[in-house]
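Quick mapping for you: the protein sequence lines, in order, are chains A and B. Counting from 1, one number per residue, gives the positions in the first sequence under our numbering. Counting from 1001, one number per residue, gives the positions in the second sequence under our numbering.
There may be inaccurate statements among the hints.
To be verified - Quick list of in silico lysine-lysine cross-link-like pairs, DSBU-like style, CA-CA up to 30 Å: (1) A:65 - B:1101; (2) A:65 - B:1005; (3) A:57 - A:69; (4) B:1101 - A:69; (5) B:1037 - A:65.
Unchecked claim - Which stretches of chain B does chain A cover? Using the computed rule of at least three CB atoms under 8 Å from a CB of chain A, they are: (6) 1044–1052; (7) 1068–1075.
No wet-lab data here; the hints were simulated from the structure. Glycine residues also receive a C-beta, built at the ideal position from the N, C-alpha and C atoms.
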Amino acid sequence: EAQVTQNPRYLITVTGKKLTVTCSQNMNHEYMSWYRQDPGLGLRQIYYSMNVEVTDKGDVPEGYKVSRKEKRNFPLILESPSPNQTSLYFCASSFLGLASSTDTQYFGPGTRLTVL
Amino acid sequence: DQQVKQNSPSLSVQEGRISILNCDYTNSMFDYFLWYKKYPAEGPTFLISISSIKDKNEDGRFTVFLNKSAKHLSLHIVPSQPGDSAVYFCAAKGLFQGAQKLVFGQGTRLTINP
Chain A
1 EAQVTQNPRY LITVTGKKLT VTCSQNMNHE YMSWYRQDPG LGLRQIYYSM NVEVTDKGDV
61 PEGYKVSRKE KRNFPLILES PSPNQTSLYF CASSFLGLAS STDTQYFGPG TRLTVL
Chain B
1001 DQQVKQNSPS LSVQEGRISI LNCDYTNSMF DYFLWYKKYP AEGPTFLISI SSIKDKNEDG
1061 RFTVFLNKSA KHLSLHIVPS QPGDSAVYFC AAKGLFQGAQ KLVFGQGTRL TINP
């Protein structure tokens, strides 16, 4: 089954404790991306990757890191989480990314993160 | 600055009636528009899209209308079914400073009442 998986689905942590949210896709997609969803703000892009070893900042990259060592995986790293990073996070992937008008993104199920 | 706005946080419609979800955008550089549907505890899924060169696109019960002069798009669902109850996000694509951007609205929660 074609899918994007994220782990963990739920996480409660404390300020400053490093964490990683994993994302994996089995569709051989070139493009992967991370979003956060906050009430009243919709989905905002954090980072994206056009291909292996190619990553770039989205609209809200502060406090986050990513890596793309393999095509299928795109982990999101919070080196020192803070309460304002409490949010719902989505990973997404697509064949060609945003450059193609008709290419659509497939989203993972989401990770709800709470930073105390 | 919210470039894509969905001004109705929620909408309640009777089963069988038409649901109309609205979306406004501010930047004329957007050239492609999409609607995503999201159920609780799941990620958004693509529903329907429209290019800026068109004013209507239809797919079964779903129709998206684009009014470029008003910078407004709407999603019509006819007839509405209980399974349509979800959060709907509109999104707009465009080229800004050499990079493609996809900007989402805040979402509208649609509830279909039996």
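Going through the hints against the structure:
Under the criterion of a C-alpha separation no larger than 30 Å, the hint pairing residue 65 of chain A with residue 1101 of chain B is consistent with the structure, at around 20 Å. Restraint check: the Cα-Cα separation between residue 65 of chain A and residue 1005 of chain B comes to about 28 Å, which is no more than 30 Å; the hinted pair holds. With a CA separation close to 17 Å, the supplied pair residue 57 of chain A and residue 69 of chain A stays within the 30 Å bound. Of the supplied pair hints, the one linking residue 1101 of chain B and residue 69 of chain A holds, its CA atoms being roughly 24 Å apart against a limit of 30 Å.
About 28 Å separates the Cα atoms of residue 1037 of chain B and residue 65 of chain A, which keeps this hinted pair within 30 Å; it holds. Coverage of the region 1044–1052 of chain B by chain A holds in this model, with 5 residues showing a Cβ closer than 8 Å to a Cβ of that chain against a need of three. Figure legend: the region 1068–1075 of chain B, annotated as covered by chain A; annotation inconsistent (0 residues with Cβ-Cβ distances under 8 Å, at least 3 required).
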